[in-house]
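Assemble the complex: chain A is given as a structure, and chain B must be docked to it using the hints.
Protein chains: 2
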Amino acid sequence: MDKESIIYGKNSITEALLSGNRQINKILISKSSNSDPKIQEIITLARSRGIIFQFVPREKFLIYSELPHQGIIAQISPVKYKELDEFLEDNNGFKSIVILDGVEDPHNVGSIIRTAVCAGYDAIILPSRRNAQVNATVEKASAGAINHIAIIQVNSLSHTIEKLKKHNYWIIAADAKGKDNYFDIDYCNMNFALIMGGEETGVSRNNLNKSDFVVKIPMLRNFNSLNVSNAASAIIYESVRQKLQTTKDSV
Amino acid sequence: MDKESIIYGKNSITEALLSGNRQINKILISKSSNSDPKIQEIITLARSRGIIFQFVPREKFLIYSELPHQGIIAQISPVKYKELDEFLEDNNGFKSIVILDGVEDPHNVGSIIRTAVCAGYDAIILPSRRNAQVNATVEKASAGAINHIAIIQVNSLSHTIEKLKKHNYWIIAADAKGKDNYFDIDYCNMNFALIMGGEETGVSRNNLNKSDFVVKIPMLRNFNSLNVSNAASAIIYESVRQKLQTTKDSV
Chain A
1 MDKESIIYGK NSITEALLSG NRQINKILIS KSSNSDPKIQ EIITLARSRG
51 IIFQFVPREK FLIYSELPHQ GIIAQISPVK YKELDEFLED NNGFKSIVIL
101 DGVEDPHNVG SIIRTAVCAG YDAIILPSRR NAQVNATVEK ASAGAINHIA
151 IIQVNSLSHT IEKLKKHNYW IIAADAKGKD NYFDIDYCNM NFALIMGGEE
201 TGVSRNNLNK SDFVVKIPML RNFNSLNVSN AASAIIYESV RQKLQTTKDS
251 V
Chain B
1001 MDKESIIYGK NSITEALLSG NRQINKILIS KSSNSDPKIQ EIITLARSRG
1051 IIFQFVPREK FLIYSELPHQ GIIAQISPVK YKELDEFLED NNGFKSIVIL
1101 DGVEDPHNVG SIIRTAVCAG YDAIILPSRR NAQVNATVEK ASAGAINHIA
1151 IIQVNSLSHT IEKLKKHNYW IIAADAKGKD NYFDIDYCNM NFALIMGGEE
1201 TGVSRNNLNK SDFVVKIPML RNFNSLNVSN AASAIIYESV RQKLQTTKDS
1251 V
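For the protein sequence lines, the chains are A and B, in the order given.
Numbering-wise (this note's numbering), the first sequence opens with residue 1 and increments by one.
Numbering-wise (this note's numbering), the second sequence opens with residue 1001 and increments by one.
Chain A on its own, in the form it takes in the complex (with noise of 0.2 angstroms):
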């Protein structure tokens, strides 16, 4: 957790819950800080919100032991999430979804968003949970790409496959177990959203099920496999390449 992007004390917390203002990623409460009333009510709060809190050792708090921190401190994100609704309202010209299904190492989600904005995609979708959420590592990693596209937090993956299904999103996961190739796919004149899933877990069954292409990437020698911000890339600017000769050719 980076200092940086960390509100604490009760009162800027409750504060921020209820202003509704700041994007809290989590928040961590010391055990021996449970029992305090204005405590208890914030965890009524950030529960009726649908934020993540956690009961931690009191010795995690130690690296804060500089700041007043009350026993409470909140994991705030550096970027204003979009709604995923809102950013399905906009029909304009086919779009491009990364969805991060369980990317836990903020370099790696920095990196990603940072490639998915060179090549001009219009959102990154992630989960609330089991992935690691934006904060100021992510947005450093990034090279400050997180400002410059639609960042979306989303409870449900499951849920959110669904509704781009209905949308007309094609659905693309990327797995080492794919059938096609990554690049024997057409990623031209279509919406999709491309699953790139976590550095040990991979997409999620439940996602793979869900999907339109499984798709891998093919290894030419015999070792595991690629590190996940750079499969990302590889696919990403499949598509970029697709999109740039197909439009040569055509002309």
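None of these hints come from the bench; they were simulated from the model.
We put the CB at the ideal spot given by N, CA and C, even for glycine.
Fair warning: there could be bad hints in the mix.
These stretches of chain A come out as covered by chain B in the derived footprint (C-beta under 8 angstroms, 3 or more residues) [what the hints assert, rightly or not]:
1) 136-148
2) 152-162
3) 204-217
Take a look, some chain A residues computed to stay more than 10 angstroms from chain B by CB distance [to be verified]:
4) D175
5) E238
6) L244
Quick look at chain B alone, frame taken from chain A:
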């Protein structure tokens, strides 16, 4: 500097220098130990072998205070570098190489090596100065890929490029101001070396001038550039796509 990849103390460093069994990337010498005659001997040895040494303030050694370092520490490589000439002796099939020209971040170096291995590339060339060396951080970021590819350390990239050209390699540099899109050139049926430049500086002017092709990655939004390992991935996997799709088409 990673603790896992160092040796320390006057005798062990002298021995490593004499035996030549360990690849020494850099020797750090505490300024306060400079006048020690044994240290002077080490400096002479290091100089004769072209190994970089650096005088650092005593405080730099504080993190090694639990080691009996005697004011001298050598950063060793976890990998056995291959000689360029030895690599070039193997004429079996077309070769693909990545040259790193000033890539400073060991995570980037590691993940470029990982991508190159996955893509079946044959070697990585890196200069002994102004580029991250293969240390434990690189090893980890490569997910162990450093053991699956020839890694060649050279003193002069300029001479290396000349030599590669004499051995029928095409030199392809990646640069934002490149003339061609990276997917508009042909990577098949030839030896080639792809030069990736440093995070801030890019490929050096001198090496750009020596290149047969300077390729760019198109930016579809007004945003600076990709992370270097993601840029490498896009280009490296384009070469894979061409090879695999061409093979398929010609069957």
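Item checked: Hints breached by this structure -> 2, 3, 5 and 6
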